[in-house]
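Student: Chain residues, written in single-letter form:
Number of protein chains: 2
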Amino acid sequence: MTQRAPAAIGDRLEDVDTPALLLDLDAFERNQKTLFDLVKNRVRVRPHAKTHKCAEVAKRQIALGAVGMCCQKVSEAEAMVDGGVADVLVSNEIVGARKIERLAALARRAKVGVCVDHPDNVRELGKTGANLDVYIEIDVGMRRCGVPPGEPAVLLAKEIQKHANLRFAGLQAYHGRAQHIRSMEERHGVIETAAQHVFHTKRLLQKAGIACPIVTGAGSGTFMLEVGAGAWDEIQPGSYAFMDADYARNEWAAPLPRFEHALFVLATVMSRPAGMAIVDAGLKASSVDSGMPGVWEMPGVSYTKASDEHGWLEGKALPALGEKVLLVPGHCDPTINLYDWYVCVRNRRVEDLWPISARGAVY
Amino acid sequence: MTQRAPAAIGDRLEDVDTPALLLDLDAFERNQKTLFDLVKNRVRVRPHAKTHKCAEVAKRQIALGAVGMCCQKVSEAEAMVDGGVADVLVSNEIVGARKIERLAALARRAKVGVCVDHPDNVRELGKTGANLDVYIEIDVGMRRCGVPPGEPAVLLAKEIQKHANLRFAGLQAYHGRAQHIRSMEERHGVIETAAQHVFHTKRLLQKAGIACPIVTGAGSGTFMLEVGAGAWDEIQPGSYAFMDADYARNEWAAPLPRFEHALFVLATVMSRPAGMAIVDAGLKASSVDSGMPGVWEMPGVSYTKASDEHGWLEGKALPALGEKVLLVPGHCDPTINLYDWYVCVRNRRVEDLWPISARGAVY
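Chains as they are written, first to last, in the working numbering: chain A, 56 to 418; chain B, 56 to 418.
In short, the hints are calculated from the structure, not lab data. All figures in this text were calculated on a predicted structure; none of them were measured in a lab. Possibly wrong hints are sitting among the right ones.
The list treats identical chains as interchangeable, and a pair is accepted whether it falls inside one copy or across any two copies.
[Stated by the list, open to error] Derived DSSO-like pairs: lysine-lysine, alpha-carbon spacing no greater than 30 angstroms straight-line:
no., residue 1, residue 2
1, K213, K182
2, K360, K379
3, K371, K182
4, K360, K217
Produce the entire structure from the sequences given, and follow the hints as far as they go.
Tutor: Shown next, in the form of C-alpha cells:
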C-alpha cells in the first residue's frame, strides 16, 4: 500500500514525477543549524515528530543534540522507536485500553514519556506496571487538553506518586494557538502569561515537596520566547525545519530567527484553459486547512482554489503546459502526512529518498 | 510504512482503536443497490476510484454491473489494475514524460482510457504506440480542464485520428462544481446547460463524420439529472457509496435518491476540560476542506475546531472521558485518502478490513 517514490536517487529535479514532496536539503540543514545553535546550553531540544513523521529526520536532529522525539500518538512513537529513536515523549493524553497496552509495550523497549490531565487516566497507566515518565499537561491558555495551572496539577502529581511504575517527570506546557499569532508583541504577551502559569504551578509543587524535573513545551513560532521567559527546560519545535505558508505569515523578529522554506510540493501544469493554469496537485497533495499553497518564485501567480486532484493558478505570466511549479504548502504537518516519501534535493538533483514511516500513524 | 489496522476481524466496535475509518456495511450495500438499481438499462456506471481508493470496493461495484473504474491519476489506475480491475478510465489529462510512460505500460496489461484537452498532449500519447481510448474533455461549465465545447473538440478529435494507436472514444463532460450546488433547481439548470454543450459538440462531430461512442461524466450530486438529460452514456459517481457532511447539506429530491451515511471516523474523548470534550481525531483524521466533521447521533454536540491531532466537541450533554464518538467526515475523498484501512462493521462487529491500496496514489 506504500506508493512507489516519484523519483530515483540521482534524478534531475525536472524529471521528478508529480506531485512530489520535495525537501531542499541545503535549506533544511541551515534551519537545523539555526535552531540548535541558538538554544545550545540554554534548553534541551525534543523536536516534534508529528511534523516530520520520519526516522531519517529524527536521526539528524538527534545527531545535532536532540534528547529524543516528541510524538502525538502511540503509533507515531512506535514508528520512531522502530526507526532507532531510544527516547520518546508522547506529548498527549493516551486514553483507551488498547492504546495504553501499546504504550506499555513500547515502554519495555524505549524510554517513554506520556502526558496526563485526569486521575482516571493516571490509574489506567498505573495498572500497566510499565515504567513511564508521566508529565502533567497544564493548560497555559490554549484551551485544549490539560488541567488548569496550580493546585489541580499538584493533586494530579500526588496521584502519580501513588503508582510505583510511574515517575512524575514534570509539566507539559504548550501553547499551540500562540504559534500562529501574527504579531510578535501579542505572541510575547501570551507566552509571558503562560510562563506565569508555569512558575505558579512549580511553586505549589515545591511547597508540596514534589520535585518537577522538566518543563517541556514551545513550538517553532514561539520557542525563543519560552527560552527567554526561563520557565521551560525543553522545547518541542517541529515546523522550523520545513516552514510553510502559514508560518511565513507570522511576524518574525528577534529573538526568533527567520527559518527558510525547505519544503515544497512539486506540481506540473496539466491544462491551460484561457486565463488559468491547472496543476496536478490539489487537496490530496497539499492540506488547505491553513489556506492555499503559495507559488514559489513566480511573482504575480497565485494558487486560488483546490479540488481533490487539481489546483488553479491564476495571475500574470502563467506557466506553460507541462511546466513544473514549486508550491509552498499552507500547513506543513498535514501535508507531509499525505506522502510516503521525501524527495531530498540538492543542486537540482535527487540526493536521497526518505520514507515517511509514521505517515498515517494517527492512532 | 503502511500502518497496522486499528482492529482485527471479529472485534467488537467498542474495541476498535481510534481514530479509525469505519464503513457501515449495511448502509454501504444499500447505497450500492440504490444507485445500480436506479440507472440499470439507462446508462453505464463507471464509479470513481478517486473516492474509495480500494480494489475491494471496486470489485463489489463491478459485481453490481460497473463497466470498470474511473481514476484521476496513473498511480491510482495502477493500483486498481493491480487489484484486478481490467478496465480503467483516467478521467483526467496526463501530462509529463514519466506519467505517460507509465500510462502506456499500463495499457499493455488493461483496457485504459485517458482524457485530453490539448493537441501537444495527444501527440505525446501518440508517440507511445500504446493502444489508448482517448476521450476529449470539454468544459461544460466547471472552468477547470477541458476544451470549450463545439469546434475545438472537433479539431482535437481530428488530431487523435492521426495516430493509429489512439482511438477517439468519446467525450468527458463532468461538472464537478455542480455536485455541491445546494439547490436542486439550480443544479438542474447547470446540468441542462452542460447537456446543451454536449449535444452541440456531438452534432459538430457527426457533421465532421466522426463517431462519438461514449459521453461520460456526472457525479453523486447530479447523476440522475445527467441520466434525465439524455446526453450521457456513462456516469462516474464515487461519493454515493459513502456520503459525507458536505453532500448531506445538498437538497436531495427526486429524481436523485437519498443516500445514507456509511462512512465514519471513530474517535475517543481523550480529555474533558470544563465545557469541552477533546477527541483524538483532528486534521490528520478527517479532512476539513469542506468544513468540520459532523457528530453522529449526538444532538446538541458540535465538532467546532480541529488541530492536527485533536478535535473540539462543544455543546450540551458532552460525551465522557474515554467515550467513543462517530464523526461524519466533511469530505469523504480526502478523508479516505488519510487511511490505510476501512474497518468494515456490521451489527457492531468488525466483519472485514479492506486495504486502501491507492491511498496516497497522487502521481
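Student: Would you mind marking each hint as holding or not holding in the structure?
Tutor: Taking the hints in turn, this is what the structure says about them:
In this assembly of identical chains, K213 and K182 lie within 30 angstroms of each other by CA distance solely inside one copy; the values are 16 angstroms within and 74 angstroms between copies. In this assembly of identical chains, K360 and K379 lie within 30 angstroms of each other by CA distance solely inside one copy; the values are 18 angstroms within and 35 angstroms between copies. Taking identical chains as interchangeable, the C-alpha atoms of K371 and K182 are never at most 30 angstroms apart, the minima being 64 angstroms within one chain and 32 angstroms between chains. Taking the shortest Cα distances, K360 and K217 never come within 30 angstroms of each other, neither inside one copy (55 angstroms) nor across copies (36 angstroms).
Hint compliance for this structure: hints 3, 4 are not met, and every other hint is.
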